[in-house]
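*Asks:* Sequence:
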Amino acid sequence: DEQEWDFVLVSDIHQMGSEKEIKRKKFLDELSKKGFTIKKIEDKKLFYGVRAPKWIFQKYQLLLRGSDSKMQSPSDQHDVPVTTRIRIVNFILQNTVTPNLEKLCDLMRKKVFETAFPLHEREEKNLFIKEKWARWRDICCKQPIENIRGYFGEKVALYFAWLGWYTYLLGIASMFGMLAFVIGITMLSSSQVSKEICKANTTIMCPLCDQKCPFWLLSDTCTYAKITHMIDNEGTVLFAMFMALWATVFLELWKRQRATVITQWDLYQWDDDEEELAMELINNPLHEPRRYQHSYFRSTIVIVLVLVMIAVLIGIAHALVIYRVVAMALFTQSTSEFIREHANTLAVVTGAVLHYLTIVIMTKVNRHVALYLCDLEEPRTFLQRENNFTVKIFTFQFFTNFSSLIYIAFFLGRINGHPGNYVRVAGQWRLEECHPSGCITDLFIQMATITILKQTLSNCVEYLVPWITYIHKKQKLPKKKNTILEEEEEEAEDPCKEWWLSNYQLNQVHHFSLFDEFLEMVIQYSFTTIFVAAFPLAPVLAFLNNLVEIRLDAIKMVHLRRRMVPRKANDIGIWLQVLEAIGILAVIGNGLVIAITSDFIPMQVYKYTYSPCAAGNSTTLDCLTGYINYSLSTFRIRDFEPHMRLPEQLPDFARQGITEYRDYRNADDYSYTVQFWHVFAARLAFLILFEHVALCIKFIAAWYVPDVPQSVKNTILDKKHSKLQKGLRWVIPEKV
1 DEQEWDFVLV SDIHQMGSEK EIKRKKFLDE LSKKGFTIKK IEDKKLFYGV
51 RAPKWIFQKY QLLLRGSDSK MQSPSDQHDV PVTTRIRIVN FILQNTVTPN
101 LEKLCDLMRK KVFETAFPLH EREEKNLFIK EKWARWRDIC CKQPIENIRG
151 YFGEKVALYF AWLGWYTYLL GIASMFGMLA FVIGITMLSS SQVSKEICKA
201 NTTIMCPLCD QKCPFWLLSD TCTYAKITHM IDNEGTVLFA MFMALWATVF
251 LELWKRQRAT VITQWDLYQW DDDEEELAME LINNPLHEPR RYQHSYFRST
301 IVIVLVLVMI AVLIGIAHAL VIYRVVAMAL FTQSTSEFIR EHANTLAVVT
351 GAVLHYLTIV IMTKVNRHVA LYLCDLEEPR TFLQRENNFT VKIFTFQFFT
401 NFSSLIYIAF FLGRINGHPG NYVRVAGQWR LEECHPSGCI TDLFIQMATI
451 TILKQTLSNC VEYLVPWITY IHKKQKLPKK KNTILEEEEE EAEDPCKEWW
501 LSNYQLNQVH HFSLFDEFLE MVIQYSFTTI FVAAFPLAPV LAFLNNLVEI
551 RLDAIKMVHL RRRMVPRKAN DIGIWLQVLE AIGILAVIGN GLVIAITSDF
601 IPMQVYKYTY SPCAAGNSTT LDCLTGYINY SLSTFRIRDF EPHMRLPEQL
651 PDFARQGITE YRDYRNADDY SYTVQFWHVF AARLAFLILF EHVALCIKFI
701 AAWYVPDVPQ SVKNTILDKK HSKLQKGLRW VIPEKV
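The letter at position 36 of the sequence shown is residue 36 when you use the numbering used here, and the numbering goes up by one with no holes.
If you are wondering where the hints come from, they were derived from the structure by calculation, not from laboratory data. All values reported here derive from a predicted model rather than from experimental measurement. By construction, the Cβ of each residue, glycine as well, lies at the ideal position given by its N, Cα and C atoms. Heads up, some of the hints might be wrong.
Computed cross-link-like contacts, SDA-like style, restricted to lysine to any residue with a CA-CA straight-line distance of at most 25 Å [unchecked claim]:
{"#": "1", "residue 1": "LYS607", "residue 2": "THR625"}
{"#": "2", "residue 1": "LYS364", "residue 2": "ASN507"}
{"#": "3", "residue 1": "LYS723", "residue 2": "VAL80"}
{"#": "4", "residue 1": "LYS497", "residue 2": "LEU46"}
{"#": "5", "residue 1": "LYS364", "residue 2": "SER334"}
{"#": "6", "residue 1": "LYS497", "residue 2": "LEU560"}
{"#": "7", "residue 1": "LYS568", "residue 2": "ASN387"}
{"#": "8", "residue 1": "LYS607", "residue 2": "SER633"}
{"#": "9", "residue 1": "LYS474", "residue 2": "CYS460"}
{"#": "10", "residue 1": "LYS34", "residue 2": "THR381"}
Label-pair restraints from in silico Cβ distances [as the list claims (entries may be wrong)]:
{"#": "11", "residue 1": "ASN201", "residue 2": "GLU337", "range": "17 to 25 Å"}
{"#": "12", "residue 1": "SER334", "residue 2": "CYS140", "range": "44 to 52 Å"}
{"#": "13", "residue 1": "LEU238", "residue 2": "ILE303", "range": "35 to 43 Å"}
{"#": "14", "residue 1": "VAL308", "residue 2": "LYS59", "range": "43 to 51 Å"}
{"#": "15", "residue 1": "PRO53", "residue 2": "THR456", "range": "24 to 32 Å"}
{"#": "16", "residue 1": "SER299", "residue 2": "ASP668", "range": "50 to 58 Å"}
{"#": "17", "residue 1": "ASN201", "residue 2": "VAL308", "range": "50 to 58 Å"}
{"#": "18", "residue 1": "SER711", "residue 2": "GLN94", "range": "33 to 41 Å"}
{"#": "19", "residue 1": "GLU30", "residue 2": "GLN710", "range": "32 to 40 Å"}
{"#": "20", "residue 1": "TYR610", "residue 2": "ILE658", "range": "15 to 23 Å"}
{"#": "21", "residue 1": "ASP718", "residue 2": "ILE38", "range": "17 to 25 Å"}
{"#": "22", "residue 1": "LEU357", "residue 2": "SER336", "range": "37 to 45 Å"}
{"#": "23", "residue 1": "LEU238", "residue 2": "SER711", "range": "32 to 40 Å"}
Starting from the given sequences, assemble the full structure and let the hints guide the process.
*Replies:* Structural data, given as C-alpha cells:
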C-alpha cells in the first residue's frame with residue numbers, strides 16, 4: 001500500500017561508480033543502519049520510498065508520554081498519528097549524517113538527491129472535498145479544522161483557524177466600513193465646503209507647474225471636492241476609532257479561541273524545545289543539546305545591515321516621489337488636453353502602480369536579505385530561526401509597502417514651499433502639491449490602487465502560477481500503456497509507482513510555504529487598519545479577498561502542492577506580537593491621518609472660532625459658510641520666481657495680478673498667519689487626545705476580555721487535580 005511509505009526521496013539516474021552515486025548509496029546505507037525499510041522504483045528518475053521502524057515511534061511516545069494520545073487521523077498499523085510519523089521521519093532524514101559528514105540538505109545542494117517529500121493520502125484528499133473545504137463552490141462553508149489538523153498538522157490548522165476567525169470579524173468591520181462609505185455618499189452634495197468650491201468660479205488658483213501651466217478656477221475641482229468629502233467627514237473619524245477598538249477585540253477574542261482549540265487538542269502546555277530534543281535523542285542517543293548563545297558582535301552586524309536595508313527601502317520611496325514630481329512636469333506639458341487637465345491624478349495613479357511593482361520586486365529581495373541575516377545570527381532551533389526571519393521580513397515588507405504611503409499621508413504638500421519660494425528637486429523640478437481637492441484624496445487614490453492590485457493581480461498570480469506549473473508537469477508524465485494486460489502487469493510490478501509519480505509532479509513546498517500565507521495576511525491586516533481613515537472600504541475588500549483566500553490556500557495545499565511536512569504548534573507564534581504592534585501603529589497612523597492629512601481639524605477650528613456660528617448667535621447659515629475663503633491665501637503674480645514660465649496670455653480675471661493658493665499665509669510677506677498656528681495647535685491637541693483615548697480603550701478592552709476562557713482554566717485545573725489524585729493512590733499511608 002502506498003500509504004505505508006513515510007517519505008519518498010527522488011534522484012537523477014547517475015552513472016555507476018560516479019561520485020554522486022556513491023554519496024547516495026552511503027546516505028541510504030545510513031538509513032538502513034537505523035532500521036529504515038527502503039524501496040526503489042526506477043522511471044525517468046530514481047524514487048526511494050522510506051519507512052521508519054516501529055521502535056522509533058515507540059521511543060517518541062515514551063519520551064513524550066501522552067502528548068499524542070488524542071490526535072486525529074491515527075494510522076491503522078501504528079499508535080502515533082500519520083502527521084507525527086511524517087514529522088519524526090523528516091527530522092531523521094534531515095539530520096542523518098554520512099561518513100563524509102554530509103546531511104540531506106548538503107546532498108540536495110550537490111544534486112545527489114533532487115527532492116524529498118511525504119505522500120498525500122487519497123482518501124483524506126477526497127474527504128477534504130466532501131467536507132466542503134478544498135473547492136471553490138463552498139466558499140462560505142465552515143472549515144473542517146479537525147480534519148486539517150489530522151492531515152497537515154497543528155500549525156496549518158491554527159493558520160486556517162486564525163484566518164477564518166479574522167475573516168469572520170472582518171465581516172463586522174466591513175459592515176461598519178460600508179456604512180461609513182454609504183453615509184459619505186449620501187452627503188456627497190450636501191457639504192457646505194463642496195458647495196462653496198463648486199460655486200467658486202471667480203477664485204483664481206496658482207498654476208500647478210512651472211512650464212506654462214494655466215491658471216485655473218477653484219470650481220474646476222467640484223467633482224473631486226465632493227469625493228473628498230465622501231471620505232473626509234465626521235463619520236470617518238468615528239470609524240477610525242471603531243477600527244482601533246476592533247483590532248484589540250479581534251486579537252483578544254482570537255487568544256480565547258486559540259486557548260479553547262489547543263485545550264481540546266491537549267497541547268496547552270506543549271513545548272517545542274522538548275519535542276526537538278526528543279527527536280534528536282531518537283536520531284542519535286549520544287546527542288548533546290546545542291547551548292544557548294548570544295554574540296553582541298553578530299547582533300551589532302545584523303542591526304547595522306537591517307538599518308542599511310531600511311535606508312535602501314526609504315530611498316526607493318524617495319525615488320517614487322521624484323518619479324511623481326517628474327511625471328507631473330511631463331504630463332502638464334503633454335500635447336493631449338486630457339493629460340494636461342488630469343496631470344496630478346495621472347501622476348498619483350501611475351505612481352501607485354509603480355509602487356505596486358516595487359512591492360512585488362522588493363518582496364523577493366527582502367526574502368533573500370532576511371534569510372542571509374538569519375544565517376549570520378546562527379539561531380539554535382528552527383523555531384528561533386523562523387521567529388527571527390519573521391521579524392526581519394515583516395520589518396522590510398512594512399517599509400516596502402508603507403514608506404510611500406507615509407510620505408503621501410504626512411509630507412506631501414507640506415514641505416513643498418509656497419508660490420514664489422518652491423522647494424525643488426535638483427534645483428529644477430518643484431515638489432508636488434496635494435491634489436487640489438485636498439491631501440487625503442492622494443492617499444485615498446494610492447490606497448485604493450495598491451489594495452485592489454494586491455487583492456486581484458497577486459491572487460491571480462498566486463493561483464495561476466502553481467496551477468500552470470502543475471499542468472505543465474502533468475503533460476510531461478510518461479504515456480500510459482495501451483493494453484489492459486500491460487497496465488495490469490505494470491500495476492502488479494510497482495503498485496506505488498503511479499502514486500509516487502503523481503505526487504512528484506505536484507509543486508514543491510519549502511520550509512516557509514505557510515510563512516508566505518501568514519505574511520500576506522498580516523500585510524493585508526496592516527493595510528486594513530493603519531490607514532483606514534483614508535480608505536473606509538479597506539475592510540470590505542479584505543473581507544471579500546479572504547473568502548477567496550481560504551479556498552485558494554486550501555486548493556493549493558490539497559491539489560497543487562506536495563504534502564507539507566506537518567508541524568506541531570500551540571499558537572501562531574511571533575505573528576501575535578506582530579499583530580499587536582500593528583494595532584498600536586493603527587492608532588498612531590489613523591490619528592495622524594485625521595490630524596494632519598484630513599481637513600477635519602481646520603474645519604472644526606473655523607467652525608468654533610471664525611465661522612458665523614462662533615459668536616453663539618443663532619443663524620440660518622451653515623457653520624462652515626466662508627470656510628473656503630478662510631483656507632486660501634493670496635499671492636501677487638509679480639512675486640513668482642524668475643524662471644517660472646507663465647501662460648503667454650493671461651486670462652482677463654488674472655490681469656489684476658492676484659491669485660490664490662491653499663495655505664495660511666499673510667498677503668504681504670507670505671509668513672504664517674495666526675490661523676495657521678491655531679490650526680497647528682488644534683491638530684497637535686487632537687492627535688494627543690485621539691491616541692491617548694484610543695490606546696486607553698484598547699488597554700481597557702484587553703483587560704476586560706480575558707485571554708483564556710474560564711472553562712479552559714477549569715479544564716486545566718481538573719486535569720492537574722486528577723493527575724495528583726492518581727499519584728496519591730501510590731502513596732502508602734503509615735500504620736498507626
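*Asks:* Confirm or reject each hint.
*Replies:* Against the structure, the hints come out as follows:
no.	hint	result
1	LYS607 to THR625	holds (9 Å)
2	LYS364 to ASN507	holds (19 Å)
3	LYS723 to VAL80	holds (23 Å)
4	LYS497 to LEU46	holds (11 Å)
5	LYS364 to SER334	violated (36 Å)
6	LYS497 to LEU560	holds (19 Å)
7	LYS568 to ASN387	holds (15 Å)
8	LYS607 to SER633	holds (18 Å)
9	LYS474 to CYS460	holds (21 Å)
10	LYS34 to THR381	holds (24 Å)
11	ASN201 to GLU337: 17 to 25 Å	holds (20 Å)
12	SER334 to CYS140: 44 to 52 Å	holds (47 Å)
13	LEU238 to ILE303: 35 to 43 Å	holds (40 Å)
14	VAL308 to LYS59: 43 to 51 Å	holds (47 Å)
15	PRO53 to THR456: 24 to 32 Å	violated (51 Å)
16	SER299 to ASP668: 50 to 58 Å	holds (57 Å)
17	ASN201 to VAL308: 50 to 58 Å	holds (53 Å)
18	SER711 to GLN94: 33 to 41 Å	holds (39 Å)
19	GLU30 to GLN710: 32 to 40 Å	violated (52 Å)
20	TYR610 to ILE658: 15 to 23 Å	holds (22 Å)
21	ASP718 to ILE38: 17 to 25 Å	violated (47 Å)
22	LEU357 to SER336: 37 to 45 Å	violated (24 Å)
23	LEU238 to SER711: 32 to 40 Å	holds (35 Å)
In the structure shown, a violation is registered for the earlier hints numbered 5, 15, 19, 21 and 22, in ascending order.
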